[in-house]
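Visitor: Residues per chain, in single letters:
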Amino acid sequence: MSVTAFLTDSTLCIGCKACEVACKEWNGIEDDGLTWSGFSYDNTGSVGHSTWRHVKFVEDGNGPAGLSGPAAGFGGNAPEGPTWAFSSDVCKHCEVAGCLEACPTGAIVRMDFGAVYVQPDVCNGCSYCVVACPFGVVQKNQKDGRAFKCTFCSDRQMAGLAPACAKACPTESIKFGELDELRLRAQERLEELHARGMDDAQLYDPTETSVKGIHAMFLLRGDPRAYNLPPKPEVPTIYNKKGWMASAVAAGALLAGAFLAFAGGRR
Amino acid sequence: MSELPKSAPAYARRAGAEPQRAYGEPAPVEPDRPSEGRLIEIRREAERRGRIEGAGIRPAGAPFPMASPETGYYGIHLLKEPQWNWAIPLYFFVGGAAGASSVISTAADWVGDDFDLARKARWLALGGAGLSSALLVYDLGRPSRFLNMLRVFKPQSPMSMGAWCLTAFANFTAAAAFFDLVRERFGTSLPVRLLSGATGAASSLFGMPFSNYTGVLIGATAVPVWNHNVETLPIHFGASGLQSACSLLELWGFDDSRALNMLGVGAAAYETWEGFHLESDSDRVNDPLKHGPSGWITRLGGVLSGPVPLVLRVLGGSSGSSRSRSMRRMAAWSGVVGSLLTRYGWMRAGHSSAQNWRIPLDIAEDSRVNERLQSKPKLAQARSVEAR
Numbered sequence: 001m002s003v004t005a006f007l008t009d010s011t012l013c014i015g016c017k018a019c020e021v022a023c024k025e026w027n028g029i030e031d032d033g034l035t036w037s038g039f040s041y042d043n044t045g046s047v048g049h050s051t052w053r054h055v056k057f058v059e060d061g062n063g064p065a066g067l068s069g070p071a072a073g074f075g076g077n078a079p080e081g082p083t084w085a086f087s088s089d090v091c092k093h094c095e096v097a098g099c100l101e102a103c104p105t106g107a108i109v110r111m112d113f114g115a116v117y118v119q120p121d122v123c124n125g126c127s128y129c130v131v132a133c134p135f136g137v138v139q140k141n142q143k144d145g146r147a148f149k150c151t152f153c154s155d156r157q158m159a160g161l162a163p164a165c166a167k168a169c170p171t172e173s174i175k176f177g178e179l180d181e182l183r184l185r186a187q188e189r190l191e192e193l194h195a196r197g198m199d200d201a202q203l204y205d206p207t208e209t210s211v212k213g214i215h216a217m218f219l220l221r222g223d224p225r226a227y228n229l230p231p232k233p234e235v236p237t238i239y240n241k242k243g244w245m246a247s248a249v250a251a252g253a254l255l256a257g258a259f260l261a262f263a264g265g266r267r
Numbered sequence: 001m002s003e004l005p006k007s008a009p010a011y012a013r014r015a016g017a018e019p020q021r022a023y024g025e026p027a028p029v030e031p032d033r034p035s036e037g038r039l040i041e042i043r044r045e046a047e048r049r050g051r052i053e054g055a056g057i058r059p060a061g062a063p064f065p066m067a068s069p070e071t072g073y074y075g076i077h078l079l080k081e082p083q084w085n086w087a088i089p090l091y092f093f094v095g096g097a098a099g100a101s102s103v104i105s106t107a108a109d110w111v112g113d114d115f116d117l118a119r120k121a122r123w124l125a126l127g128g129a130g131l132s133s134a135l136l137v138y139d140l141g142r143p144s145r146f147l148n149m150l151r152v153f154k155p156q157s158p159m160s161m162g163a164w165c166l167t168a169f170a171n172f173t174a175a176a177a178f179f180d181l182v183r184e185r186f187g188t189s190l191p192v193r194l195l196s197g198a199t200g201a202a203s204s205l206f207g208m209p210f211s212n213y214t215g216v217l218i219g220a221t222a223v224p225v226w227n228h229n230v231e232t233l234p235i236h237f238g239a240s241g242l243q244s245a246c247s248l249l250e251l252w253g254f255d256d257s258r259a260l261n262m263l264g265v266g267a268a269a270y271e272t273w274e275g276f277h278l279e280s281d282s283d284r285v286n287d288p289l290k291h292g293p294s295g296w297i298t299r300l301g302g303v304l305s306g307p308v309p310l311v312l313r314v315l316g317g318s319s320g321s322s323r324s325r326s327m328r329r330m331a332a333w334s335g336v337v338g339s340l341l342t343r344y345g346w347m348r349a350g351h352s353s354a355q356n357w358r359i360p361l362d363i364a365e366d367s368r369v370n371e372r373l374q375s376k377p378k379l380a381q382a383r384s385v386e387a388r
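For the protein sequence lines, the chains are A and B, in the order given.
Start counting the first sequence at 1; every next residue gets the next number (my numbering).
Start counting the second sequence at 1; every next residue gets the next number (my numbering).
There could be a bad hint or two in this list.
The list that follows gives simulated cross-link-like pairs (lysine-lysine, PhoX-like), each with its CA atoms no further than 25 Å apart [what the hints assert, rightly or not]:
no.	chain 1	residue 1	chain 2	residue 2
1	A	Lys212	B	Lys290
2	A	Lys232	A	Lys212
3	B	Lys290	A	Lys242
Label-pair restraints from in silico Cβ distances [stated by the list, open to error]:
no.	chain 1	residue 1	chain 2	residue 2	range
4	B	Ser282	A	Gly160	26 to 36 Å
5	B	Asp32	A	Val3	52 to 62 Å
6	B	Thr167	A	Gly264	32 to 42 Å
7	A	Gly160	B	Asp283	21 to 31 Å
8	A	Leu34	B	Ile40	27 to 37 Å
9	B	Pro293	A	Leu34	26 to 36 Å
10	B	Asp32	A	Asp112	54 to 64 Å
11	B	Phe153	A	Asp144	24 to 34 Å
12	A	Val3	B	Ala55	48 to 58 Å
It should be emphasised that the hints constitute simulated quantities derived from the structure, not laboratory data.
Note that this is a predicted model, so its numbers are computed, not measured.
Heads up, the beta-carbon is just placed ideally off N, CA and C, and yes, glycines get one too.
Assemble the whole structure, with the sequences as input and the hints as a guide.
Guide: In structure tokens:
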């Protein structure tokens, strides 16, 4: 099986949340509760244990003086209109995944087609993956006791079907296909957007960091930080070496100290 | 959170459907008097003149946060907060003390010729190992699956290493304690002496990493304040574990042991240095260790496990006089409480660090943004004061 990926093109997203609904329907996820946030049309806030697809509403509400919002006409609106962009967020299925590295039970595995999958029959809810994810995706359901996140519709993919969100997307903003091919298509789309004068269009795919690329790339206009995408995500295993070195120093000091103290402190 | 009205649909009132706001206070729902008054004026003006001049009202909760490179995504934090419960910082404390206690036991037995101290330190280690296991299982979302921890051996996962380390440590400590018992009951013969030595050595071998690996555990995460300090956290937690092991043994009656006092002085000296080190690091990543509730807990823990026991131990000495003993006991209490607070402080700092939306997005502090993002909670507060 080839390695598959998502390419979420926010310039095509209309914010209909069909992906959120399709994801919940297919995967049978519980509701998130009802609350009004005041954050544009986003009352969910972020992906979590009960939200595997999440549509972000990036709105510049004619901000206070001195703060730069997205450029005028941003999000495909008329230049004089208010700026508004949408982007459907999802687990990034990192090339080097923090949650997978951290999982002490082997519940989190990599599927043939590249998905990072939490096996619900193995997870024992230690919640170490929660603090290991540099994108804040995976979360423990306190009522259920296990950690959950996007499965990349592994069940559908194994049956040769596209993930539910990509299937349901009415504008093909969520593209699903082979990773390498989607990377090419993203470059073509970028060239097209740049040719049309959208110079702020860019591809979010952090291949330069220790995450070494993601299997859910995002095509955005403007600064990725307005979409809560970190400029430099790092997989926490890069801190292991420093940590264990310090641990060895501490262990050595404890041993030497204890033997010296008792040798010198003999009554 | 105010209760939902009776007219709200059933699904909204169901347990678990409570609104969870990702950021800030709940949006105020009660109308405020100035706005309502202005609305009435506007209606009258419209009736009278057919058009309205002048300003409208500020919508409840306005001005609304926005998404931009300066405000991030409405100031919603990217990282998830740690989801461990109260048992985990306590486990850090108990495990740290147990691991160090095992090493103290072996040293007391082999070079200190103090079998009584060795025996009791071993029991402390064994009790700690048992309690550690219980606390770890208690925190699991699915406690019945705790054995899944031993399904795989994963060097890249500090949690996996810790689980294996605890397993080995608990078993070897139990075996060592058993042979201590045999030695005590039936006297020392060569085979017993060898087995006791071997199991004791193995227990200490695993006790050494077990006393400080929790520093690696939280250091190797995406939480900024933890991974920023990954190089010192294991030493910090190791010193804290040694401090609490010495203190607990002193409180158990060994308050005249010179060796324990020397170890206590060493640990307190390191903790004092660590305190200075953290205070002098002005990186904003370390702010949760200095400000807010997490800052005060960490600082109090630092003082109680650093300078306070250091002074008391140096002045008290180990003469065995009643003055020396009482000072040692005071130092021991201070060390135990300080060590415990240190672990809770770091855990709490991890929570507040994960709530910082700026650091992962690499956004500079900006007071205008703060004002805008905080305007909602301020309004909500003003309203609740008015309502009272």
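Visitor: The structure should be examined with respect to each hint, and the outcome stated for every one.
Guide: Hints and how they fare:
1. Lys212(A) x Lys290(B): violated (34 Å)
2. Lys232(A) x Lys212(A): Status holds; Cα separation ~11 Å.
3. Lys290(B) x Lys242(A): holds (24 Å)
4. Ser282(B) x Gly160(A): 26 to 36 Å: 56 Å Cβ-Cβ, so the 26 to 36 Å window is violated.
5. Asp32(B) x Val3(A): 52 to 62 Å: holds (56 Å)
6. Thr167(B) x Gly264(A): 32 to 42 Å: holds (34 Å)
7. Gly160(A) x Asp283(B): 21 to 31 Å: violated (50 Å)
8. Leu34(A) x Ile40(B): 27 to 37 Å: holds (30 Å)
9. Pro293(B) x Leu34(A): 26 to 36 Å: holds (30 Å)
10. Asp32(B) x Asp112(A): 54 to 64 Å: holds (58 Å)
11. Phe153(B) x Asp144(A): 24 to 34 Å: Holds, at about 27 Å.
12. Val3(A) x Ala55(B): 48 to 58 Å: holds (57 Å)
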